[in-house]
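J.: Sequence:
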Amino acid sequence: DPQVDDEPWTDTTAPLLELPFDDSTTGPTFHCDNNTTPIDVMNQFMTTELIELIISCTNAYGQALCNTQRPHTRGARRQNFHPTNPDEIRKFLGLCLLQGQVNSCHLRKLFTFTDSLYFHSVFPYNMSGRRFEQLLRCLYVSTVNSKGMEKVNLFVRKVITRFQDL
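All residue numbers for the sequence shown refer to my numbering, where the first residue is -3 and numbers rise by one.
Hints were generated in silico from the structure; no laboratory data involved. For glycine and all other residues, C-beta sits at the position ideal for the given N, C-alpha and C. It cannot be assumed that every hint is accurate.
[Unchecked claim] SDA-like, lysine to any residue: derived pairs with alpha carbons at most 20 Å apart:
(1) 87 with 130
(2) 147 with 132
(3) 147 with 48
(4) 143 with 60
(5) 154 with 40
[Said to hold, decoys possible] Restraint ranges, calculated between C-beta atoms of paired labels, are given here:
(6) 155 with 18: 41 to 47 Å
(7) 46 with 3: 54 to 60 Å
(8) 39 with 108: 28 to 34 Å
(9) 148 with 15: 30 to 36 Å
Take the sequences, apply the hints, and build the full model.
T.: Put into structure tokens, the structure is as follows:
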């Protein structure tokens, strides 16, 4: 039999600890007003250094994937990876953010003109569905031979440092 405490229930109250909050030291410290665009804010977080890291690693990984000797199925297209650039990566990241807001059962439906239920004109205007899928497949933020935590460690450290600097 489990033991039962015969002590009566008691209410314990204690004053809450008062924590001073200084709202002048919180949040991003860059200038933001009514004329600030979403791209301006994105550029504060995704610096040229971070974009260049993504580009160099993605290009290297894309080339490595295309150079592997693996059998191709009959319907598969032999892909050549075309190196990406800062403008394309920024568009890709923007489309990734938009994709999170648009409900779609399949990624490819966002780029098709035939299904008006899921079609969003911004997607094919910026890049083709095949290119988006290729960049998504090849997106990389470390050296090609990295293992485990090394795959994201450098990028995460740079992002954390950037966020702390803001």
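J.: Provide an ascending list of the numbers of those earlier hints which the structure does not satisfy.
T.: Of the numbered hints given earlier, the structure breaks just one, which is hint 6.
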